[in-house]
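Trainee: Letter by letter, the chains look like this.
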Amino acid sequence: DAKTTQPNSMESNEEEPVHLPCNHSTISGTDYIHWYRQLPSQGPEYVIHGLTSNVNNRMASLAIAEDRKSSTLILHRATLRDAAVYYCIPSNTGNQFYFGTGTSLTVIP
Amino acid sequence: GAGVSQSPSNKVTEKGKDVELRCDPISGHTALYWYRQSLGQGLEFLIYFQGNSAPDKSGLPSDRFSAERTGGSVSTLTIQRTQQEDSAVYLCASSLPRGHEQFFGPGTRLTVL
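Heads up: the sequence lines are chains A and B, in that order.
If you count by the working numbering, then the first sequence holds residues 1 to 109, one letter each, in order.
If you count by the working numbering, then the second sequence holds residues 1001 to 1113, one letter each, in order.
Worth double-checking, as some hints may not be accurate.
[As the list claims (entries may be wrong)] With beta-carbon atoms standing in for the labels, derived distance ranges:
hint : chain 1 : residue 1 : chain 2 : residue 2 : range
1    : B       : S1027     : A       : I108      : 35 to 43 angstroms
2    : A       : N54       : B       : T1078     : 24 to 32 angstroms
3    : A       : I74       : B       : T1070     : 40 to 48 angstroms
Calculated from the structure, these hints are not laboratory results.
Since this is a predicted model, take the numbers as computed values, not measurements.
Even for Gly, the Cβ is constructed at its ideal location relative to N, Cα and C.
The whole structure should be built from the sequences, with the hints applied where relevant.
Mentor: The following block contains the structure:
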């Protein structure tokens, strides 16, 4: 299983973009990069996933390095509701997901 | 549609007692996962069911923990002879076969006195 390194915490001002980094230098060639987030007192929720190309959806964008050893989750305009713990999870479907400790994002009004 | 449901939402038990936690996945989701989350910690994988295949039990912390999935739907996580260190929120998730998106239930908060 690929090990991941994420900052323990980050802060962002409301309505500004946020770039959440993740290093996964031991990722295997078949692992997708998944991002989940966990709001306070809730279960995790899916944010986005990708394999090699950058991905966009209604929640966020995912930028994947060419060598796939790192990725960045981009929230284009942070809102107070985006305050959560963000988990980067390299894995393939059908395999267990290791959530790690993630990055705790604080959004400042 | 209905999401993943778990019961009970809270369970307080005495050390040494057995407990059963239930998970109802989303209809049609053949993959089912159990995790636990201790206070202030990340999620710890426990067990994974995929259809009729043998479950991946590699995350179960001891032989006091077991899980079943009957008829490919409802799952029960059983903890025998509970210990105080078993206190945590137990989360269940389900997904489509080989799906990337796991849908999580609200969790069961277990407190062992």
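Trainee: Among the hints numbered above, which are violated by the structure, and what are their numbers in rising order?
Mentor: Those not satisfied come down to hint 2.
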